[in-house]
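Chains as they are written, first to last, in the working numbering: chain A, 20 to 206; chain B, 451 to 675; chain C, 232 to 433.
Keep in mind that the hints are not guaranteed to be accurate.
Claimed, not checked - Derived BS3-like pairs (lysine-lysine); straight-line CA-CA distance at most 27 Å:
hint : chain 1 : residue 1 : chain 2 : residue 2
1    : B       : K474      : A       : K205
2    : B       : K572      : B       : K517
3    : C       : K417      : B       : K520
4    : B       : K478      : A       : K205
5    : B       : K517      : C       : K366
6    : C       : K361      : C       : K392
7    : C       : K297      : A       : K25
8    : B       : K474      : B       : K603
9    : B       : K517      : B       : K657
10   : A       : K25       : B       : K478
11   : A       : K202      : C       : K392
12   : B       : K465      : B       : K603
13   : A       : K202      : C       : K417
14   : A       : K202      : C       : K297
15   : A       : K25       : A       : K205
16   : C       : K392      : B       : K520
17   : C       : K303      : B       : K520
18   : A       : K205      : C       : K386
19   : C       : K392      : B       : K465
20   : B       : K603      : A       : K205
Bear in mind the hints are in silico, worked out from the structure with no lab data behind them.
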Amino acid sequence: MAVSTKITLRDLSRIAIFAAIIAVLGTPGAIPLPGGVPITLQTLGVMLAGAILGATRGALAVALFELLALIGLPILSGFNGGIAPFTTSPSAGYLIAWIPGAFVVGLIANSAKGKPSVIRTILGSVLGGIVVIYAIGIPVCAQIAGVSLEQSTAWATPFLVGDSIKVAITAIVVAALYRAYPKAFKN
Amino acid sequence: MLIDLNAVSVAFDGKTALDGVSVKLDQKRIGVIGLNGSGKSTFARLLNGLVTPTSGLVTVGGINPAKDAKAARRQTGFIFSNPDVQIIMPTVLEDVAFSLRSSGLSTGDIQTRALAVLQRFKIDHLADQAAHSLSGGQKQLLAISAIVVAEPKLIVADEPTAMLDLTNSRRVAEVLLDELEQQVVLVTHDLNLAANCDIILRFAGAKLVEFGEPAPIISAYLAEN
Amino acid sequence: MGTLFRPGASFLHRLPAGAKLLALIILVTLISIIATNPLTGIAVLIAILGLFTIAFPANGPALLAKQLWSLKYLLAIIVIPQLLFGSSWPAVAANALRLTDAILLASLFTMTTKNSEMVATIERASQPLKPLGVKPQTLSLAISMAINAIPMIAKFSAQTKEAQLARGVKPTAALMTVPLLVASLKYADDFAEALTARGVEI
């Protein structure tokens with residue numbers, strides 16, 4: 020398992036810049052869908068953070084992004100922010116699950132040194148970017164909204180389409196980024 | 451302060467960036483010219499330990515930056531071409547104050563000193579503005595303020611006017627060459643700026659090809675390229 | 232970069248962030264226990280209206296109305312399917328009100344708490360993590376760096392879009408992301424070099 024223990028200035032800088040990338044990916048208007056969980060490119064940012072920065076730094080980048088939202092910057096989709104989205108909103112579980120989600124993406128997609136593999140990137144994005152996030156998000160949503168698990172799962176289902184597209188985009192982007200800027204994958 | 455390079459070579463990824471450079475410098479305004487990739491940026495980065503020699507020895511004011519990077523960075527401030535990468539804190543005053551965070555001064559003293567430096571470079575009216583809303587020239591003056599407030603003995607500027615328009619370039623050059631009391635190493639493509647230095651170093655193909663009086667070196671450089 | 236904080240001089244603004252956070256947690260828990268019928272839900276909503284008016288004497292009710300309006304989709308999505316599946320009106324209304332009340336309270340917290348105060352609270356809260364290698368100063372440095380980077384990355388994104396349009400390419404997520412990442416990661420590496428030059432240690 021390639022989990023680095025010491026954070027260097029270069030790591031810190033990449034973590035901060037990736038947090039900002041996730042914020043910027045969320046700026047074009049959000050499309051509200053069932054469950055009040057809006058479609059956003061930010062989960063693409065979560066998958067990319069894990070796949071490019073690796074498990075630890077990827078999860079830290081997502082956590083830093085969420086910290087900025089928590090302290091009151093309107094950077095969640097739909098210019099949202101503050102503590103409501105993380106506590107009292109039905110989508111709170113999904114948001115919090117982004118952190119372990121990015122970690123799992125990185126663990127699977129980024130564990131091979133050097134050239135990223137397409138298969139691992141897809142597998143990691145599906146497991147970390149979809150399975151982990153839904154596994155935490157659906158029950159929390161049911162709990163907060165006061166509905167059954169079936170209802171909560173039904174709300175989440177339409178998002179699978181968008182999230183599958185994001186997995187494909189992650190695979191394409193990671194492969195292209197390796198050709199354009201291999202240094203991105205160097206530690 | 452004496453900058454002393456003794457047979458210094460630097461290689462990255464198997465490529466030679468600097469090849470056997472020996473020079474002693476104690477002039478107040480030191481200009482560095484040469485084409486892209488000639489080794490001038492590597493030379494600049496040796497002075498505060500951003501780059502360490504593969505062989506040979508660098509000392510600046512008696513300090514070896516490769517050994518004691520912390521002390522070297524305290525005595526040498528560095529200005530980059532891209533002012534955007536140098537700003538750390540959200541507002542102008544906070545960014546200047548950030549340089550003094552481990553100085554042991556009280557918060558009040560830090561604010562006073564930071565504001566005084568902004569006044570000196572006539573950007574104190576921007577103190578509470580978001581640093582990223584500034585123009586390129588103002589950002590570069592902010593970067594200089596954030597360096598000067600820590601009172602280094604040497605300031606190294608790596609193409610500080612490369613991303614600025616004519617007016618802003620002039621103002622930044624004026625600050626670096628005329629207003630600062632510190633010793634300045636100015637890496638530049640602007641030969642008019644280089645001409646105002648006390649000494650010029652010309653790099654080509656990773657080697658220091660000549661150094662001395664500006665005028666003849668600039669003529670030779672223009673003739674060769 | 233905007234913020235959700237709205238300046239004011241009320242006692243809610245002056246209350247320390249930590250205490251306010253604790254109060255919020257207690258209140259939200261209480262609401263989830265007591266607001267089991269629409270009437271208590273409405274009573275709590277009126278109490279929250281009172282808090283908004285205390286915090287913002289000039290435009291409290293208007294701000295609350297704005298927050299409520301922003302919840303419209305969420306409420307529609309929660310209410311309509313439950314009614315379709317045959318839940319009773321009062322149960323559905325109580326559920327929607329409970330959720331609305333909790334979200335409004337949390338928003339009020341954010342609207343009356345400065346970002347810098349939240350950062351300080353987070354720094355204090357992270358003190359016990361010190362032995363695990365989490366330094367509070369590194370945390371606040373990271374927060375500042377990321378806040379600063381947002382307008383930069385937004386600029387890269389706008390430049391990428393412009394460059395692609397200029398070349399006659401329709402910018403899509405995949406096409407835009409690669410150059411955006413290259414520019415951003417290069418920026419991150421230059422930034423790390425500048426931090427090093429400024430003698431920053433973490």
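Structure-based check of each hint:
1. B:K474 / A:K205: It is violated: about 37 Å lies between the C-alpha atoms, which goes past 27 Å.
2. B:K572 / B:K517: 37 Å, violated
3. C:K417 / B:K520: 25 Å, holds
4. B:K478 / A:K205: Between K478 (chain B) and K205 (chain A) the Cα gap is close to 40 Å, so the pair fails against 27 Å, i.e. violated.
5. B:K517 / C:K366: Distance of about 26 Å is within 27 Å: holds.
6. C:K361 / C:K392: 43 Å, violated
7. C:K297 / A:K25: Roughly 45 Å separates the two Cα atoms, so the pair is violated.
8. B:K474 / B:K603: 17 Å, holds
9. B:K517 / B:K657: 24 Å, holds
10. A:K25 / B:K478: 40 Å, violated
11. A:K202 / C:K392: Between K202 (chain A) and K392 (chain C) the Cα gap is close to 23 Å, so the pair holds against 27 Å.
12. B:K465 / B:K603: 32 Å, violated
13. A:K202 / C:K417: 9 Å, holds
14. A:K202 / C:K297: Status violated; Cα separation ~46 Å.
15. A:K25 / A:K205: 16 Å, holds
16. C:K392 / B:K520: Between K392 (chain C) and K520 (chain B) the Cα gap is close to 41 Å, so the pair fails against 27 Å, i.e. violated.
17. C:K303 / B:K520: 56 Å, violated
18. A:K205 / C:K386: 25 Å, holds
19. C:K392 / B:K465: 35 Å, violated
20. B:K603 / A:K205: 35 Å, violated
The structure is inconsistent with the numbered hints 1, 2, 4, 6, 7, 10, 12, 14, 16, 17, 19 and 20, although it conforms to all the rest.
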